[in-house]
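**Student:** Sequence:
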Amino acid sequence: MSELDTHWVSYYSVLLSNFSSTLFQFIFASAVSVLISGTAEEDYVEIWPPNPVVKFGGSLDLNCTSTCENIGIESAYTKVPIENGSNWKAFRLSNVDYWAASPMCYADCKTGQKKSPKANIIVYKTPDHVKLDTVPKMEVGKQYNLTCRVSGVAPIWNLSVTLLKGEEQLLVKTFEDYSDPKTNDVVVNHLITALQHDHHKTVTCQTSLDLNPTGPLLKNTSHNITLESFDIPLLHAGLFLEAGTLMKVTCDAPEASPANEAVFDLRFAGKSLTFNTTVMGGLASAQAVIASSSVGDHELICTVSLGPVTKNVTKMVNVFGESHICILTQRVLEEFFSTYYKLTKCAAALQNKRRYVALSIITSEINHIFFSILDAPKMDDSSCPQTRTWKEGSTTTLTCTALGNPTPTVQCWKDGRLYDIGEPQRVQTEHGGIYHCNATNQYGFDVRDVTIHVEQLTFKGYAPKHF
Numbered sequence: 001m002s003e004l005d006t007h008w009v010s011y012y013s014v015l016l017s018n019f020s021s022t023l024f025q026f027i028f029a030s031a032v033s034v035l036i037s038g039t040a041e042e043d044y045v046e047i048w049p050p051n052p053v054v055k056f057g058g059s060l061d062l063n064c065t066s067t068c069e070n071i072g073i074e075s076a077y078t079k080v081p082i083e084n085g086s087n088w089k090a091f092r093l094s095n096v097d098y099w100a101a102s103p104m105c106y107a108d109c110k111t112g113q114k115k116s117p118k119a120n121i122i123v124y125k126t127p128d129h130v131k132l133d134t135v136p137k138m139e140v141g142k143q144y145n146l147t148c149r150v151s152g153v154a155p156i157w158n159l160s161v162t163l164l165k166g167e168e169q170l171l172v173k174t175f176e177d178y179s180d181p182k183t184n185d186v187v188v189n190h191l192i193t194a195l196q197h198d199h200h201k202t203v204t205c206q207t208s209l210d211l212n213p214t215g216p217l218l219k220n221t222s223h224n225i226t227l228e229s230f231d232i233p234l235l236h237a238g239l240f241l242e243a244g245t246l247m248k249v250t251c252d253a254p255e256a257s258p259a260n261e262a263v264f265d266l267r268f269a270g271k272s273l274t275f276n277t278t279v280m281g282g283l284a285s286a287q288a289v290i291a292s293s294s295v296g297d298h299e300l301i302c303t304v305s306l307g308p309v310t311k312n313v314t315k316m317v318n319v320f321g322e323s324h325i326c327i328l329t330q331r332v333l334e335e336f337f338s339t340y341y342k343l344t345k346c347a348a349a350l351q352n353k354r355r356y357v358a359l360s361i362i363t364s365e366i367n368h369i370f371f372s373i374l375d376a377p378k379m380d381d382s383s384c385p386q387t388r389t390w391k392e393g394s395t396t397t398l399t400c401t402a403l404g405n406p407t408p409t410v411q412c413w414k415d416g417r418l419y420d421i422g423e424p425q426r427v428q429t430e431h432g433g434i435y436h437c438n439a440t441n442q443y444g445f446d447v448r449d450v451t452i453h454v455e456q457l458t459f460k461g462y463a464p465k466h467f
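Just so we're aligned, residue 1 is where the sequence shown starts under the UniProt record's numbering, counting upward by one.
I should point out that these hints are in silico values taken from the structure, not numbers from a laboratory.
Idealized CB from N, CA, C, for every residue including glycine.
In silico SDA-like cross-links for lysine to any residue, where the CA-CA straight-line distance does not exceed 25 Å: (1) K137 <-> H200; (2) K165 <-> H129; (3) K378 <-> Q411; (4) K118 <-> P49; (5) K165 <-> Y419.
What follows is a set of in silico ranges between Cβ atoms, one per label pair, in the way DEER data are often shown: (6) R426 <-> N51: 51 to 59 Å; (7) L239 <-> K219: 52 to 60 Å; (8) R426 <-> S293: 53 to 61 Å; (9) K248 <-> G393: 38 to 46 Å; (10) Y178 <-> T429: 49 to 57 Å; (11) G296 <-> H223: 49 to 57 Å; (12) T274 <-> T134: 34 to 42 Å; (13) T134 <-> N51: 35 to 43 Å; (14) L239 <-> G270: 16 to 24 Å; (15) D381 <-> G296: 35 to 43 Å; (16) T429 <-> G296: 48 to 56 Å; (17) T389 <-> H223: 39 to 47 Å; (18) G393 <-> S179: 52 to 60 Å.
Turn these sequences into a full structure, and let the hints guide you.
**Tutor:** Written out as structure tokens, the structure is:
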């Protein structure tokens with residue numbers, strides 16, 4: 001290699017050496033700069049828990065964590081440090097009685113003071129009161145308002161109010177759209193229509209303050225109120241009465257509560273009747289005897305008052321003389337043709353509670369005449385035995401029928417409540433007792449008391465008992 005070539009090689013070697021050194025310095029400086037920049041970006045201040053739940057007036061522990069120095073907390077509540085570590089500090093906030101305060105942590109970093117996001121504190125308060133307004137004695141078929149009042153609760157958007165009738169859920173009211181965090185009062189209304197089986201049902205108001213997932217589920221229940229429904233009385237009387245004779249009538253007020261406070265008034269043909277009253281469980285009854293010498297239709301009225309509720313029922317009773325004119329419908333089966341015949345001298349007589357009709361027919365060309373013997377109801381031991389024994393745990397049906405035409409309607413009450421006769425029931429000790437049964441059609445009625453004895457299950461060493 002020539003001297004000139006050697007010179008150029010040396011020059012380029014020095015230049016390359018200088019260039020490499022500069023490049024390395026550039027890369028190193030850049031790396032340091034990035035490292036320093038990254039360290040600054042990684043400085044942080046955090047608060048935990050971010051969504052704490054605390055009872056109004058209570059205390060709360062918050063933890064501040066940071067890579068920086070001089071960790072502290074900003075809060076409107078009274079605060080004291082309770083513990084600390086190398087990069088964290090815990091504070092206790094007491095007397096939490098501000099509804100919308102949002103504490104935050106801070107620390108001094110190389111780039112200046114840094115703050116955490118604000119903690120979203122949920123301050124809650126259980127209701128001061130959960131109350132149901134009283135409900136008056138209810139007339140079956142009418143509407144009544146149930147009102148539940150909830151006072152001093154927060155936050156309302158976490159609240160739900162449930163109205164219950166027995167186990168039946170009537171209404172669930174929520175308040176998600178409510179935005180004020182402070183305590184407030186809530187009034188929930190619900191209309192119900194009084195039903196006969198509502199009698200003695202209990203109504204309650206329940207509140208739920210659901211603070212999940214970070215807080216508790218808090219429930220409160222009002223006192224119970226007992227519904228008292230009052231239906232139309234039942235008037236038992238025949239539709240026909242022979243002039244100068246007597247007929248017993250009964251007016252029942254089933255499921256009256258309290259039954260001994262039911263006030264009766266009985267009237268026939270515009271005159272007040274003298275009557276006797278009886279009470280059996282929740283069944284109040286009034287019995288009277290009617291008579292009239294005045295032929296024609298007369299009103300029999302029973303009025304029952306219980307507290308502010310008054311109900312009445314009216315039945316028309318036809319008082320007839322020894323003979324009168326009537327119309328009997330009969331069919332003449334002749335080429336799909338029907339004829340109605342007027343019959344006179346329709347004499348009525350009561351024999352063994354049956355109504356026989358004696359006919360004097362003033363026409364001819366009669367092929368067939370169809371008529372019925374009309375019976376008032378009659379219950380006896382064959383149709384409705386008065387004493388029965390049931391075994392506890394067995395499935396048994398209470399049956400009670402009555403003779404009569406038209407077929408009588410039979411109903412039985414126990415302790416003032418209508419009992420489902422003809423429906424299989426699993427026998428329990430409370431089925432024992434006296435059942436008050438009556439049979440009714442338009443020609444009269446009959447009453448009968450049925451006594452049920454329940455034989456307890458037999459256990460070894462014990463004799464069966466009767467109730």
